[in-house]
Amino acid sequence: MKLVQERAKTKAVGESLIIQTAVRLMVPFIQLFGLYVIVHGHYSPGGGFQGGVVLGASFILLGVAFDLKTSLRRFSLGANAVMGNIGVLIYAGIAVLCALLGGLFLDYSALVRIIPLDPVEWRSLGIFLVELGVGLAVMSIMASLFWDLSSGGEMDEGL
Amino acid sequence: MKTLALMATLITGAILLYGTKDFAPWGDPDSPPNRHVSPYYIEETIKETHVPNIVTAVVADYRGYDTMFETVVIYCAGLVVVSVLRRTKP
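Listed in order, the protein sequences are those of chains A and B.
1 is the number of the first residue of the first sequence in this note's numbering; add one for each residue after it.
160 is the number of the first residue of the second sequence in this note's numbering; add one for each residue after it.
In isolation and in its complexed conformation, chain A is listed as follows:
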């Protein structure tokens, strides 16, 4: 009991064991659902933007329930920058690759020259690759927007 009282004194205002435990249990499922929304965009409502926002929200939830440091330990600033850039690069790179391979810009059926599949099948696959890039970019940018705006760019305390 005394331990709990001491811990309650040293803890920051607003920190709650119930919320932290609930968030710790929920975050893996939220991230799994985000991946599902990205991957299942072909068959159900969803896609890169929505799934990316769900994935980014899981890191924001960590930052709100614990503190900014916990969120940053799970998703470092370097990885964040790299993933945001790679996401946009995947989209633009696939578009340019299609043009270089002899098709039109963003005409995914030109990718047949790399892996021989049905051109129609490649259009479906190209949509998936592009959505993956959008998801990566949106996830890391949502997380970095929250980190920067909540701490004023200091990356120390957060909300």
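Hints are computed from structural coordinates only; laboratory data are not their basis.
Just so it is clear, CB atoms sit at the ideal spot from N, CA and C, and this is done for glycine as well.
Hints may be right or wrong, so weigh each one.
[Said to hold, decoys possible] Estimated spans, in silico, between C-beta atoms of each pair:
1) B:Ala-173 <-> A:Pro-116: 54 to 62 angstroms
2) B:Asp-181 <-> A:Asp-156: 16 to 24 angstroms
3) A:Leu-25 <-> B:Met-160: 52 to 60 angstroms
4) B:Asp-189 <-> A:Ile-19: 54 to 62 angstroms
5) B:Leu-165 <-> A:Thr-70: 44 to 52 angstroms
6) B:Thr-162 <-> A:His-40: 49 to 57 angstroms
7) B:Leu-165 <-> A:Glu-157: 35 to 43 angstroms
8) B:Met-160 <-> A:Ile-86: 39 to 47 angstroms
9) A:Glu-157 <-> B:Pro-211: 42 to 50 angstroms
[To be verified] Derived lysine to any residue pairs resembling SDA-like cross-links, with alpha carbons at most 25 angstroms apart:
10) A:Lys-69 <-> A:Val-112
11) A:Lys-69 <-> B:Leu-238
12) B:Lys-206 <-> A:Val-112
13) A:Lys-69 <-> B:Arg-246
14) B:Lys-206 <-> A:Lys-69
15) A:Lys-69 <-> A:Phe-128
16) B:Lys-206 <-> B:Trp-185
17) A:Lys-69 <-> B:Val-241
Given the coordinates of chain A, work out where chain B should sit on it, guided by the hints.
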């Protein structure tokens, strides 16, 4: 300067509102988008892309440019916030 900006905003808004007068009526089945564009997507999407979700096919394939620059807009927003606010080394 502020009144000038307000005037410019109001005039642009009035021109845009005037432009909406020429839009097709809401839900009109005989308007050009509903006669040419929508039936094409509904009939050809599965044949051309093998994607059952028409919205995804339109967003990422037929209107790929739009989505690409949407991503770039979000990327630019993130880049600006990082470059204005962040003070730690990444």
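*Okay, B:Leu-165 versus A:Glu-157 on CB: inside 35 to 43 angstroms?*
Taking Cβ atoms as reference, B:Leu-165 and A:Glu-157 lie about 40 angstroms apart, which means the hint holds.
*At the C-beta level, are A:Glu-157 and B:Pro-211 separated by a distance inside 42 to 50 angstroms?*
For B:Pro-211 against A:Glu-157, whose Cβ atoms are near 47 angstroms apart, the range 42 to 50 angstroms holds.
*Would you check the hint for B:Lys-206 and A:Val-112, treating anything up to 25 angstroms between C-alpha atoms as holding?*
17 angstroms, holds
*Does B:Val-241 lie within 25 angstroms of A:Lys-69 when you go C-alpha to C-alpha?*
17 angstroms, holds
*So does B:Ala-173 sit 54 to 62 angstroms from A:Pro-116, Cβ to Cβ?*
Holds, since B:Ala-173 and A:Pro-116 (Cβ atoms, about 57 angstroms apart) stay within the stated range.
*Are the Cα atoms of A:Lys-69 and A:Val-112 separated by 25 angstroms or less?*
With Cα atoms ~45 angstroms apart, A:Lys-69 and A:Val-112 exceed 25 angstroms; violated.
*Straight-line Cα separation of A:Lys-69 and B:Leu-238 no greater than 25 angstroms?*
21 angstroms, holds
*Mind checking the alpha carbons of A:Lys-69 and B:Arg-246 for me, to see if they're no more than 25 angstroms apart?*
Holds, at roughly 16 angstroms.
*Quick one: are B:Leu-165 and A:Thr-70 within 44 to 52 angstroms, going by C-beta?*
About 46 angstroms separates the Cβ atoms of B:Leu-165 and A:Thr-70, which means 44 to 52 angstroms holds.
_With the threshold set at 25 angstroms, check whether the alpha-carbon distance from A:Lys-69 to A:Phe-128 stays at or below it._
33 angstroms, violated
*Falls inside 54 to 62 angstroms, the C-beta gap from B:Asp-189 to A:Ile-19?*
55 angstroms, holds
*Taking the CB of B:Thr-162 and the CB of A:His-40, does the distance hold inside 49 to 57 angstroms?*
The hint (49 to 57 angstroms, Cβ to Cβ) holds, given that B:Thr-162 and A:His-40 are roughly 52 angstroms apart.
Checked against the numbered hints given earlier, the structure breaks hints 2, 10, 14, 15 and 16 and satisfies all the rest.
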